[in-house]
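Heads up: the protein sequence lines correspond to chains L, W and H, in order. Each residue of the first sequence is one higher than the one before, starting from 1 at the first, in the numbering used here. Each residue of the second sequence is one higher than the one before, starting from 1 at the first, in the numbering used here. Each residue of the third sequence is one higher than the one before, starting from 1 at the first, in the numbering used here.
Hint data in this document are derived by calculation from the structure and do not stem from the laboratory. Backbone N, C-alpha and C fix where the C-beta goes; we use that ideal spot for every residue, glycine too. Mixed in with the good hints there might be a few duds.
To be verified - A few chain H residues facing chain W, derived, Cβ under 8 Å:
no.: 1; residue: N30
no.: 2; residue: P43
no.: 3; residue: P125
no.: 4; residue: D127
no.: 5; residue: E148
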Amino acid sequence: MSHLFLILVSALIVNNVVLTQFLGLCPLMGASRRLDTALGLGLATLFVMTLATTTTFLVDHAILTPLGAGHLRTLVFIGLIAAVVQASELAMKAHSPRLFEALGLYLPLITTNCAVLGVTLLSARKNAGLLETLFFSLGASLGFVLVLVLFSSLRERIEIADVPKPFQGAAIGLITAGIAAIAFSGFAGMIRS
Amino acid sequence: MKPWRSYGDFAGGVALPARKSLSSEAPIRNAGIPPRLIYPLDLASGHRALPLFRDGDHVKSGTPLALCPEGFDPPICATSSGRVQLLEGPSPFASDAPLILLETDGLDLKAPSLPPLEGTERSPEHVLERLHACGVLGMGGAGFPTAQKIRSLLGPLKLLIINGAECEPFLTCDERSLREKAREVLTAAEALARIFGIPEVIIAVESSRFGALSSLQEALFDGNFSLSALFHLPDRYPAGGERQIIQTVRGLAMPGGTHPVDHGILCLNVQTILAVGAAIDSGECLTRRVITVSGNGVRQPANLDVLIGTPIDYLLECCGGVKEGRQQLILGGAMMGFSVASTEIPITKTTSALLVLSDTDLASIPHLIEHPCIRCGACTDACPQGLLPHSLHDLVKAKRMAELEHLHLLDCIECGCCDVVCPSIIPLTERFRQGKKQLRRYLTDEQLARKAQNRHQARQVRLQREQLEREQEAEARKNALGQGAKPQIQEALERARLKREQRLNAAQGPSKPDAL
Amino acid sequence: MTLIALLLIVGLFGLLGLLLETLASRMPANEESLVLEIEALLPQTQCAQCGFPGCRPYAEAIAHHEAEINQCPPGGEPLILALADLLGREPMAADATRGHQKDPAVALIDEPRCIGCALCLKACPVDAILGASRYLHTVIADECTGCELCIPSCPVDCIEMIARPHQKRASR
Numbered sequence: 001m002s003h004l005f006l007i008l009v010s011a012l013i014v015n016n017v018v019l020t021q022f023l024g025l026c027p028l029m030g031a032s033r034r035l036d037t038a039l040g041l042g043l044a045t046l047f048v049m050t051l052a053t054t055t056t057f058l059v060d061h062a063i064l065t066p067l068g069a070g071h072l073r074t075l076v077f078i079g080l081i082a083a084v085v086q087a088s089e090l091a092m093k094a095h096s097p098r099l100f101e102a103l104g105l106y107l108p109l110i111t112t113n114c115a116v117l118g119v120t121l122l123s124a125r126k127n128a129g130l131l132e133t134l135f136f137s138l139g140a141s142l143g144f145v146l147v148l149v150l151f152s153s154l155r156e157r158i159e160i161a162d163v164p165k166p167f168q169g170a171a172i173g174l175i176t177a178g179i180a181a182i183a184f185s186g187f188a189g190m191i192r193s
Numbered sequence: 001m002k003p004w005r006s007y008g009d010f011a012g013g014v015a016l017p018a019r020k021s022l023s024s025e026a027p028i029r030n031a032g033i034p035p036r037l038i039y040p041l042d043l044a045s046g047h048r049a050l051p052l053f054r055d056g057d058h059v060k061s062g063t064p065l066a067l068c069p070e071g072f073d074p075p076i077c078a079t080s081s082g083r084v085q086l087l088e089g090p091s092p093f094a095s096d097a098p099l100i101l102l103e104t105d106g107l108d109l110k111a112p113s114l115p116p117l118e119g120t121e122r123s124p125e126h127v128l129e130r131l132h133a134c135g136v137l138g139m140g141g142a143g144f145p146t147a148q149k150i151r152s153l154l155g156p157l158k159l160l161i162i163n164g165a166e167c168e169p170f171l172t173c174d175e176r177s178l179r180e181k182a183r184e185v186l187t188a189a190e191a192l193a194r195i196f197g198i199p200e201v202i203i204a205v206e207s208s209r210f211g212a213l214s215s216l217q218e219a220l221f222d223g224n225f226s227l228s229a230l231f232h233l234p235d236r237y238p239a240g241g242e243r244q245i246i247q248t249v250r251g252l253a254m255p256g257g258t259h260p261v262d263h264g265i266l267c268l269n270v271q272t273i274l275a276v277g278a279a280i281d282s283g284e285c286l287t288r289r290v291i292t293v294s295g296n297g298v299r300q301p302a303n304l305d306v307l308i309g310t311p312i313d314y315l316l317e318c319c320g321g322v323k324e325g326r327q328q329l330i331l332g333g334a335m336m337g338f339s340v341a342s343t344e345i346p347i348t349k350t351t352s353a354l355l356v357l358s359d360t361d362l363a364s365i366p367h368l369i370e371h372p373c374i375r376c377g378a379c380t381d382a383c384p385q386g387l388l389p390h391s392l393h394d395l396v397k398a399k400r401m402a403e404l405e406h407l408h409l410l411d412c413i414e415c416g417c418c419d420v421v422c423p424s425i426i427p428l429t430e431r432f433r434q435g436k437k438q439l440r441r442y443l444t445d446e447q448l449a450r451k452a453q454n455r456h457q458a459r460q461v462r463l464q465r466e467q468l469e470r471e472q473e474a475e476a477r478k479n480a481l482g483q484g485a486k487p488q489i490q491e492a493l494e495r496a497r498l499k500r501e502q503r504l505n506a507a508q509g510p511s512k513p514d515a516l
Numbered sequence: 001m002t003l004i005a006l007l008l009i010v011g012l013f014g015l016l017g018l019l020l021e022t023l024a025s026r027m028p029a030n031e032e033s034l035v036l037e038i039e040a041l042l043p044q045t046q047c048a049q050c051g052f053p054g055c056r057p058y059a060e061a062i063a064h065h066e067a068e069i070n071q072c073p074p075g076g077e078p079l080i081l082a083l084a085d086l087l088g089r090e091p092m093a094a095d096a097t098r099g100h101q102k103d104p105a106v107a108l109i110d111e112p113r114c115i116g117c118a119l120c121l122k123a124c125p126v127d128a129i130l131g132a133s134r135y136l137h138t139v140i141a142d143e144c145t146g147c148e149l150c151i152p153s154c155p156v157d158c159i160e161m162i163a164r165p166h167q168k169r170a171s172r
């Protein structure tokens, strides 16, 4: 049991998807202007990542690997992720149309979010069991949510602060992300794996 | 002619935005004679001058009006002709010294000037007396009587420095004087140097003042000024400070308490040396000086040749007047001048500028305006209501009304504690006062919008209801016509027929009896 | 082997497609809450300067991407910024062809000239005019939104706009 928890924590902070592995930077910069939008996107990505990882694990173990079609992984995984994203779009449209409107293009872009595809491919390569894969994807997606929430809270305050003109907008956002990445690198080596 | 030397340097100082372009291309022009001239009786030495006239006397330009009791300061002279009177009461310079008021007659009659000094009269003692009589003092700002300055030297003078540096932002009067009167400056400097046996004259100008430097170069090239040389100063404030110039030119850092004359150095401002030259060569009393009127708050910045004692309001009119909006008036430079509220204050011999600064001007000079918030948190600690002044400040600036309400801006009691502790000198309380006004208006607007929305929806409901009723009524009428209307129509026809018969019977009258 | 895998995958995707179709029909998009949120930001003047007959139709048009967020003059720039923030769209300059933001004003009927025709009663979108046919009409200042729809309806031109009493718009 404890090793599942270790997997979770490792994916959450030590090997954080966004700030340590630098995947999924597009939604980080694009959808982090407001806290509620960022949280919405983060939770949508959480739903997609966990569900997609589970289904891709099952498809990989049931169809691809037994038939030796491992080279089709990327193709198939993207298709499955796209299906899950569609489902989450429908759910969001029904429950929170304002969030759907505010996210705009970033919701279908979860399909191309390299964090999601990255997590699915990484877990396929690891040859771990279903439970480990689940905890891994849960940790990774929670890490994504964590970073989005932190970053959007920072950005909300930076937007109204007195930033010098050359740094306003995306520039100060990228600098902040860089400093946050440096901070997260402090977790390196915390878990010997 | 000696070639120019590149600059040494002085310690410290700050680079300030020059802002000279507003007035550096404006040639010096005569400001004319104002309707009144004012002379405060307070002197540089701290003494108070004693008036020599009676109220109502008519005086001419150059007439002494008041004397220094100790004989230290030169006499106060009239700078134009007219009637004088003494005004008691506090002077605008925050002292209780009385003022001399001269109502000019516009004729500018001059008292006979002293003869030019020639030949044997060009001796140090004669010159010093002449300087005293003509009222020459340090016009760069300190106002120290020049004659006394020279008298106080302990040994021989080794160097005469003409301080052509104008390091204060906005000021261009000395620069223009050097450009337009380079020959006169050099002539006066060389004359003074020869009279007092000073072997070397240096004209020190900042390296970026190309106009002044080229005029001086030309004059040096053309004329016979064998003692003089140019020196380029660094372009930093306060390069024009006496001690800074000496440190730059000679590498000499004078200990406190000592003066340049102790080291044989005499440092004079451009305006002062011009006044010295006029006193020696023409016997003219010091009655005018060049000042800069500048800043983005005045319509036509200019360099004016003004009569000493001219009130500020006259000069502002000369320059097209003050622009609309909030402007700050400063007598002197933006760094060392002092702000004035009244426009009836006069120009004195040591006033070098009148600045009318707009908000944008003030923002460009560091110590006059607030700095950005550094998130030190002192304001949060100081707030007695438990608010977050730094967040509130950002939100007020960004006009985020909903979030201001969320952070309880309306709970601010405007006590001012946050102002006191802020290291960036941000006027927080003032911002919050404005913010609260805007927040209250926003909340009222919201309330009105809700009311209007409800009323509109109620109206829509009412209109729909009326529409429905109308349709129902029309439906009912149509139905009524379609089905059971026939018996009613028959009855109506029957009634009409009966009535018609009755009318006919009544018209016919009783029937005729039967005739058989 | 690859062929079998491909066929299986295609079959799987087909199933997923059907599943999504069912989900889509079971979960209809709920737009009402979005429209309500947009409407809550609008100033409720009901003046129709945006080109729609009221604030609610304009909110619906915005939600359906049939109108831009810069068409409301009474809302001015703060409204554009608020809508941009809510919907994740880019803020844009106000549409000057629709009109300009004016200081708060209310309508005032010049009572001696009023002929009691009741046309303005019908024109007011918030029923802020009190009166009846052949009776004197008057505007309830507290309820008037300053939309100016009553002015063209008056046949004797007896309505004018005056500054809203006791309230000035915040300097935005």
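Status of each hint after checking the structure:
no. : hint : in the structure
1   : N30  : violated, 20 Å
2   : P43  : holds, 5 Å
3   : P125 : holds, 6 Å
4   : D127 : holds, 5 Å
5   : E148 : violated, 14 Å
Comparing the model with each earlier hint shows violations of hints 1 and 5; every other hint is respected.
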